[in-house]
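Chains as they are written, first to last, in my numbering: chain F, 1 to 164; chain U, 165 to 704.
Be a bit skeptical, because a hint or two may be false.
Stated by the list, open to error - Lysine to any residue pairs mimicking SDA-like chemistry, simulated, CA-CA at most 25 angstroms apart:
(1) U:K549 - F:V91
(2) U:K225 - F:P24
(3) U:K601 - U:V514
(4) U:K601 - U:P509
(5) U:K601 - U:D512
(6) U:K412 - U:G466
(7) U:K549 - F:P24
(8) U:K549 - U:E486
(9) F:K18 - U:N208
(10) F:K76 - U:L542
(11) U:K235 - U:I586
(12) U:K225 - U:R535
(13) U:K549 - F:A87
(14) U:K549 - F:K18
(15) F:K131 - U:K225
(16) U:K225 - U:G466
(17) U:K604 - U:E532
(18) U:K225 - F:D80
(19) U:K549 - F:G126
(20) F:K18 - F:P42
(21) U:K225 - F:P119
Unchecked claim - Derived list of chain F stretches under chain U, where covered just means 3 residues or more per stretch with a C-beta under 8 angstroms from a C-beta of chain U:
(22) 80-87
(23) 133-139
These are calculated hints, taken from the structure and not from any lab test.
Keep in mind it's a predicted model, so treat the numbers as computed, not measured.
All C-beta atoms in this analysis are idealised placements derived from N, C-alpha and C, irrespective of residue type, glycine included.
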Amino acid sequence: MSTTTPSGRPLRLSVPPKCHAPRPITARELATLRAVADVLVPATGQDPAATDAPDFDIWLHRAVDARSDSFDLLTKALADLDGLRQAALDVALRRLHAEETETFVVLSAVVAGAWLMVPEVRAAMGYPGQKRDVPRLEEAADQLSDGILAPVLERGHIYTPAPE
Amino acid sequence: MVSAPSNVADVLVIGSGPSGGVVSHTLAARGLRVVCLEQGDWVNPTDYPVNHLEWELLIQKQWAHDPNVRKLPADYPVDVSESDMWPVMYNAVGGSSLFFGAEWPRLLPSDFRVRSLDGVGDDWPITYADLAPCYDEMDAFIGVSGLGGDPAYPEGLDYPLPPHPLGKVGRRAAAGMNALGWHWWPGTNAIPTQRFKELSQCARWGTCEWGCPESSKASSDVAFWPHALRSGATLVTGARVRQILTGKDGRAEGALWIDREGVEHRQPAHSVVICANGIGTPRLLLLSASAQHPDGLANSSGLVGKNLMLHPNCSVTGFYDEDLESWRGPAGQLIHSMEFYDTNPEHDFVRGAKMHALPTPGPLSAIEVHRPLPYDELWGPAIHKVVRSHAGGILWAANSEDLPDDANRVTLSPGLTDGNGIPAPKVQYRISENTRKILKFAVDRMEEIHAASGARETFPVELWVDQPGHLLGTARMGDDPATSVVDSYGRAHDVDNLFIADGSIFVTSGSANPTCTITALALRVARNIADTACNQKVAL
Numbered sequence: 001m002s003t004t005t006p007s008g009r010p011l012r013l014s015v016p017p018k019c020h021a022p023r024p025i026t027a028r029e030l031a032t033l034r035a036v037a038d039v040l041v042p043a044t045g046q047d048p049a050a051t052d053a054p055d056f057d058i059w060l061h062r063a064v065d066a067r068s069d070s071f072d073l074l075t076k077a078l079a080d081l082d083g084l085r086q087a088a089l090d091v092a093l094r095r096l097h098a099e100e101t102e103t104f105v106v107l108s109a110v111v112a113g114a115w116l117m118v119p120e121v122r123a124a125m126g127y128p129g130q131k132r133d134v135p136r137l138e139e140a141a142d143q144l145s146d147g148i149l150a151p152v153l154e155r156g157h158i159y160t161p162a163p164e
Numbered sequence: 165m166v167s168a169p170s171n172v173a174d175v176l177v178i179g180s181g182p183s184g185g186v187v188s189h190t191l192a193a194r195g196l197r198v199v200c201l202e203q204g205d206w207v208n209p210t211d212y213p214v215n216h217l218e219w220e221l222l223i224q225k226q227w228a229h230d231p232n233v234r235k236l237p238a239d240y241p242v243d244v245s246e247s248d249m250w251p252v253m254y255n256a257v258g259g260s261s262l263f264f265g266a267e268w269p270r271l272l273p274s275d276f277r278v279r280s281l282d283g284v285g286d287d288w289p290i291t292y293a294d295l296a297p298c299y300d301e302m303d304a305f306i307g308v309s310g311l312g313g314d315p316a317y318p319e320g321l322d323y324p325l326p327p328h329p330l331g332k333v334g335r336r337a338a339a340g341m342n343a344l345g346w347h348w349w350p351g352t353n354a355i356p357t358q359r360f361k362e363l364s365q366c367a368r369w370g371t372c373e374w375g376c377p378e379s380s381k382a383s384s385d386v387a388f389w390p391h392a393l394r395s396g397a398t399l400v401t402g403a404r405v406r407q408i409l410t411g412k413d414g415r416a417e418g419a420l421w422i423d424r425e426g427v428e429h430r431q432p433a434h435s436v437v438i439c440a441n442g443i444g445t446p447r448l449l450l451l452s453a454s455a456q457h458p459d460g461l462a463n464s465s466g467l468v469g470k471n472l473m474l475h476p477n478c479s480v481t482g483f484y485d486e487d488l489e490s491w492r493g494p495a496g497q498l499i500h501s502m503e504f505y506d507t508n509p510e511h512d513f514v515r516g517a518k519m520h521a522l523p524t525p526g527p528l529s530a531i532e533v534h535r536p537l538p539y540d541e542l543w544g545p546a547i548h549k550v551v552r553s554h555a556g557g558i559l560w561a562a563n564s565e566d567l568p569d570d571a572n573r574v575t576l577s578p579g580l581t582d583g584n585g586i587p588a589p590k591v592q593y594r595i596s597e598n599t600r601k602i603l604k605f606a607v608d609r610m611e612e613i614h615a616a617s618g619a620r621e622t623f624p625v626e627l628w629v630d631q632p633g634h635l636l637g638t639a640r641m642g643d644d645p646a647t648s649v650v651d652s653y654g655r656a657h658d659v660d661n662l663f664i665a666d667g668s669i670f671v672t673s674g675s676a677n678p679t680c681t682i683t684a685l686a687l688r689v690a691r692n693i694a695d696t697a698c699n700q701k702v703a704l
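Make the full structure from the sequences, and use the hints.
Listed below in structure tokens is the structure:
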């Protein structure tokens, strides 16, 4: 087993390396990913499309890096979907969904994952992200002090005695 | 190449997870020279995926629970070609506790007497009362958070730290339980609600099962290892053990291990304690066959690797119309229920399941839960409604008690090897009819809970194929050497200076999350080793 990474850094045995796609996705691949996003996460009357999100392309690149484990699967799918107009793309994605589940799961995870990293999108859906959120000192007690446990306590012990 | 023998250890511990951490600390503190070999290395709090905005993508592969998916250098493959489920583990300092949810329920008194009470499985050679002092001591050492007085347990059970807030998720789940008249209790977690020794106060990041960036979860690397190292234990990382060595007298003499450069070393020891989990431990015992132990070490009973129990999990995720702040931790159990834990004559199965309610952090996770829906109900215009549901999720999950069955077992894979060419473990596990009935029953009850709590829609999963991290029973304890591998102190019947202190020694599985019991047993094993050190040729 080599003890260094290809870049010469010490190999970490229990931590995955920083994720980077083997190569940057091309402009055509990016355009296809955006087209896929417009089908999977379209604008509606009240919600903007994923591709309307600020700096969406930057987040797409980050999502591709994060799923670099499936880069070949992803880029093959993008090659197959290259150049399709929206109606044909919708048909092709439905076929992938039905028949090539692994490919569809990766493709949709990258598109949705990119979209859901956009700060403005997270704010709009009320997702603060995972963060430090230390409770108030009395929070646990407050949440138990209104009698919510009373039915359990009134019932009494329920455990099965066991012979020694 | 075999390097020159280093100093002889009084006790060689193999594996640095919860049991290895407890054993190493306990024995080092008693003055014994402890060397622990760990095939992984340290993971820093800043390494964990939640430090990155991409965390929900990173946990899909790079940080997956399944070593066959993750494929890190420290991992070894697991042959699951003949298994209904794919056991998971983590190989690092702290072991699988890096990814555990830190749910900390004890086994119940009935768990130790399943044969006597229900006529199935076997009784343990110890009782709840025997283990209770060790449970108490581990709770106090770790700083377990919980509410005393749970009526599912014998009177007097209390915890050193107060419980976590129920949060909106826990209160909504509890309201449903109250409507049904079923037992629930604020969750008991090895996650301190106040700063405790090396552990920070829980900051509710919500990603407990993918590593705590706050060091506020009692994984073995932070709960035990700082104390073990300060007590003088030596921890060797990147040390993959391939064989336990035995002498002509059949006693353990140490171990052969391979470092990260591929160099083989010999670590001599007066005694050996295996803490490599319910799959790694039987693998190592089988790899250590010798002239004195032709069927594998400590295997005169033929039971090494047999009776694998995995707590098959099921779940029902419910989504509610209101904002339950489901991104907020801990996760960690917010509430748990023992309502259907024991055998009930009205059921068409024996034993039962422990249920627990958790939050559902992350909008991409909400999408993943919805994937069983038809295309048009998830993608296209529907996606916006689906992602908005992220804050209104409650996950009810259940561990089912799978009974010991010697056909469910760990052997050595005939074709699969790890990065050092060592045969991988092969898991053969089939879910019994009794377990399938428990799973179906538990899913139906969790659907009822969601209905009583007012869920808008639910997503049942009758079996989490890639989830079981509770690896139990493959070197069971007992008084009779013909029907067990170790005695009630983890000492191998066949090899009097060889011990096992992990989940392998469970006799039955219960359905309580097992790490609490694993650490209590490890403490009991370690104490006995120290108390009987002269028998191991250990100089105090």
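Next item on the list: Could you grab the alpha-carbon distance between K412 (chain U) and G466 (chain U) and see if it respects the 25 angstroms cut-off?
Entry: holds, 21 angstroms
Next item on the list: For the pair supplied as a hint, K601 (chain U) and P509 (chain U), confirm whether the alpha-carbon distance does not exceed 25 angstroms.
Entry: It holds: about 14 angstroms lies between the C-alpha atoms, which stays within 25 angstroms.
Next item on the list: Take the C-alpha atoms of K225 (chain U) and D80 (chain F), compute the straight-line distance between them, and say whether it is at most 25 angstroms.
Entry: holds, 24 angstroms
Next item on the list: For the pair we were handed, K131 (chain F) and K225 (chain U), check the Cα-Cα distance against 25 angstroms.
Entry: Distance of about 22 angstroms is within 25 angstroms: holds.
Note to self: Next pair to validate is K549 (chain U) with G126 (chain F); report whether the Cα-Cα distance is within 25 angstroms.
What the structure shows: holds, 13 angstroms
Note to self: Between the alpha carbons of K18 (chain F) and N208 (chain U), is the straight-line distance 25 angstroms or under?
What the structure shows: holds, 14 angstroms
Notebook entry, point to check: Going straight from one Cα to the other, do K76 (chain F) and L542 (chain U) come out at no more than 25 angstroms?
Noted result: holds, 24 angstroms
Check: Straight-line Cα separation of K235 (chain U) and I586 (chain U) no greater than 25 angstroms?
Finding: holds, 15 angstroms
Notebook entry, point to check: Can the restraint linking K225 (chain U) and P119 (chain F) be considered satisfied, given a maximum Cα separation of 25 angstroms?
Noted result: holds, 24 angstroms
Item checked: Pair hint K18 (chain F) and P42 (chain F), alpha-carbon separation not exceeding 25 angstroms -> Violated. K18 (chain F) to P42 (chain F) sits at ~31 angstroms, over the 25 angstroms cutoff.
Checklist line | Pairwise hint evaluation, V91 (chain F) against K549 (chain U), where the allowed Cα distance is 25 angstroms at most | finding: OK: K549 (chain U) and V91 (chain F) at ~22 angstroms, within 25 angstroms.
Checklist line | K604 (chain U) paired with E532 (chain U) [C-alpha distance capped at 25 angstroms] | finding: The hint holds at about 22 angstroms.
This entry does not satisfy hints 7, 14, 16, 20, 22, going by the numbered hints stated previously.
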